[in-house]
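Protein sequence lines correspond, in order, to chains A and B. Mapping of the first sequence onto this note's numbering: residues 1 to 373, in sequence order. Mapping of the second sequence onto this note's numbering: residues 374 to 1001, in sequence order.
By construction, these hints were calculated from the structure, which means they are not laboratory data.
Straight-line Cα separation of at most 30 Å, DSSO-like style, residue types lysine-lysine; simulated pairs:
hint : chain 1 : residue 1 : chain 2 : residue 2
1    : A       : Lys59     : B       : Lys518
2    : B       : Lys457    : A       : Lys232
3    : A       : Lys59     : B       : Lys451
4    : A       : Lys59     : B       : Lys459
5    : B       : Lys451    : A       : Lys232
6    : A       : Lys59     : B       : Lys489
Note that the structure is a prediction, hence the values are computed from the model and not measured.
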Amino acid sequence: MAGKTVQLSRARKIRSIAYFDYGLLAIVMLLFAFGLVMLYSTSAYIATLEFEDSLHYLKRQLLASVLGFGGILALNAMGYRWLKPLSGLFYVLAFVLCVAVIFIGTAQGSSSRWIYFGPLSFQPSELAKLAVIIYLASMISDSAKKLRDWRNVVRAFFHIIPLLVPVAYNNLSTAVIIAGIAFGMLFVASPDYRAFIVIMAIGAVGIVLFISGAGYRSDRIDIWLHPENHEKGYQTLQGLYAIGSGGMFGKGLGASMQKLGTVPEAQNDMIFSIVCEELGVFGAICVILMYLLMLWRFMIIANNARDMFGSYLVIGIMIHIALQVILNIAVVTNTIPNTGVTLPFISYGGTSVMFLLFEMGIAMAVSRGIRLG
Amino acid sequence: MQRNLWIVFMVVCVLFVILIGRLAYIEYASGEKYERIILAQQQYDSQIIPYQRGDITDVRGTVLATSVDVYNVILDCKVLNSNKDKIESTISYLGASFPQIDTNEIRGILADNPKKQYTVLAKKVSYEDMRNFVKLTEDEETGSKIAGIWFEKEYQRQYPYDSLAASLLGFTTSGNVGMGGVEMYYNKELNGTNGRDYGYVNSDNNVEGAVVEPENGNTVVTTIDVNIQTIVEREIKAFNRRYARDGKPGSKHTAMLVMNPQDGSVLAMANYPTYNLNDPWSLKGVYKKSERKAMSDDEKMDALNKLWQNFCITTTYEPGSTFKPFTVAMGLETGRLSGNESYYCDGYEHIADYNVKCVNRNGHGMLDVRGALMKSCNDALMQMSYAIGSENFADYQRLFGFGQRTGIDLPGEPRTDSLVYDREQLRHTINMATNSFGQNFNTTMIQLGTAFCSIVNGGELYLPHVVDHICDDAGNVVRSFEPVVQKKTLSRETTTQMKDFLRSVVEAGTGAVAGVDGYDIGGKTGTAEKLPRGTGNYLVSFIGYVPQEEPQVVVYCVVDVPNVDDQAHSNYAQEIVHNVFQQILPYMGIEPTVPVVQEEMPAQESAPVTAEANTPENTQQNGETANE
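Go ahead and model the full structure; you've got the sequences and the hints to work with.
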């Protein structure tokens, strides 16, 4: 950390060259545009059937994206440092909304996850992810030295438990992602690995209890192992069919057959299976490499950020993206049980894409803070 | 920090590599299998385009049975539910256009099965109603308020004349399966092949659409003449109304067969009671409401099955005296009779402890062959049969087609081989004696009618048929039925002699009631006592032909158990034949050949025939009578 301070003080002297991570911007734009193309390809047929408008899903996604890009511009103008004093407020706001959604939310399926403001719907759990990133980044940057003691790491982890409970009540997969983000950020911050053994143990016990506690979740395990025996395994199985039928180079953009109503809700969590069907294993690898490139840019930014708060913000964002990509693809390939995790920038989901773009805005804002010697 | 960040990044990289491996493995291990599964589970959205079943027409092309297009109203809940703002307007438009649809039911269906894409709301709405609704959906303003409704085409069988020729035509059940009559016998010709509107996956894995047009069924043109059929049915109905009493119609069954003896074609075939082809499952009009209510399902089915029977084809009975011409003809043809013999009738024959009685219990006295037919004397016929001998009798009975199916193109002809005696059984005098006047063996109307045609047409036994030709839906003849001579039964000399005798029967014998002024009509009456004997139940009949030279029409009428106290009079059948002759002869263009009315018509109980006053022939006839 001493080296860092030296670097920063030197940076203050040489203020001439401002940095901006155009690489990240290019990757974001590319993934975002690719996501829209795939979303349209996947949803046009269903949208025509249901709404007599093939653009229905695309339009809604674009609307959320406009808000997201507005956020990027604003964050680039305002920087990221103002987020630090507000980190507690974000945390409380996310907590309140996540509790509120349980009572006033609108259900789609068995869990109520949406709050409606007039025609606009909003998923508080997406805010919770960002709030945790900001809150932990702020905390770690304030008390980096304390985290050398593994007991403080465990304590820090307990800070996010209050938010985790209402989120998990509604949406286990989001809770897992939030826990994963926290785990990853603290892991990066702490040189002592003992804490993580404890946290992992607690996490494992918690997950086992949770699964056995809720019936529909233990069902999912069995569906995962034998999707062909279950009616609910239909989505998983059809996703696998889509992946398998794509071949090396796919059927061609727009040529998926599984999106024609066979894979339910293909534009949401299962969109990667349609990507595989249309673009093949080659296309899928390209998409994964794009994500990897994005994560690489995050790492560069985090390593060169002007302060620890910015650095940990980007680390949190990086872990967030990585977790969602890994979990989503793992679900689609039936490597893990089916949980509702969206594929960043590609899956349909207004709240999700908006907050993802906010996160990109934060990362870019952090990158602007980098001063090149 | 940096070291740990690298660890995280490396872990992520490893996980990515694992996932890529997983993807490649799925593709490698099951790619081909999954591709096949996907192709197999494509539903291509294919839709059947139904063919139109062919028409049945009479000989002049009047349509007796046809298929009209009707439409099922289909609701797609998924589409309508996703257009929430259109639900109420769609329901109200539906309710207004199709009053048979219960609008509350639609709301229930939409709520209960929100994703169901196929629900039939109404069946068989007419083309006009369908068209009116489609116009609404095509209209820009109203069309924007309707969603999730489409129509499915179907054909419905319709019979423009309701009950006309019901048992001859038969009807269809769902799926175009003919039940009885021409509908059943020519089911294959009438039916076509369904078309299909379907999508398929081409070699580039794109779904393409294609339409295979349906092949419509062929039109069956029958030999039936609607006008003759109508006259026949009207007279049968009038008879049964005239003799109705105690709430029962004039007879248990009344049936009539009108044939062209020159080619074996059937001009009309009717029976009573009958049913409405457009409502074949109803017993209305045959049974009273209270009777229908008391019936169990099995009883109802039995009653329906009886009602659907074509009496002329399926019912066997003892023909009685209408068989006598056959006995005489076989005697003449074999040379065992010359036609000049005389017989003494003492009222009965004593055979093997039985007294087989004649119609006239006191005996007819001396009769020649002509007289025996004119008086319908059983005693004389029995004596003739002795001369003919059992072997000749058995052979000729079969030559005329008794005991065999005629092969008419209608379903339901029964086996009758066990209902006639063979040579061995005919050796018993009692058997042959009773057979000679038409008792103790069974026949069907079509058998006797067909055989009788050969007596009057010069001895040619034609294959009876009800279908003239078959056309495709463009009107091209695809199959034509030429007259088929099956057997030569009698020589021309014998038939000339027989016609001479038969004319006398109508001129001055028991068949006088059937005669019509101005026409040379020949025929034979029949009054057969039914089994069990002695209960007073009779089947009375008359068979006749016109004109004497080259007869153009043979009419055979059977009245089974007339609803009167004294049934044993063939007049009941003759009345109907008389009325029918009076109307169809002018219609068929058969000219009167006798200028003078030589004897008074027997008193008619029947109402005057409606057509009488209008036909020019009758006017002319009356004029001639006046001149005399």
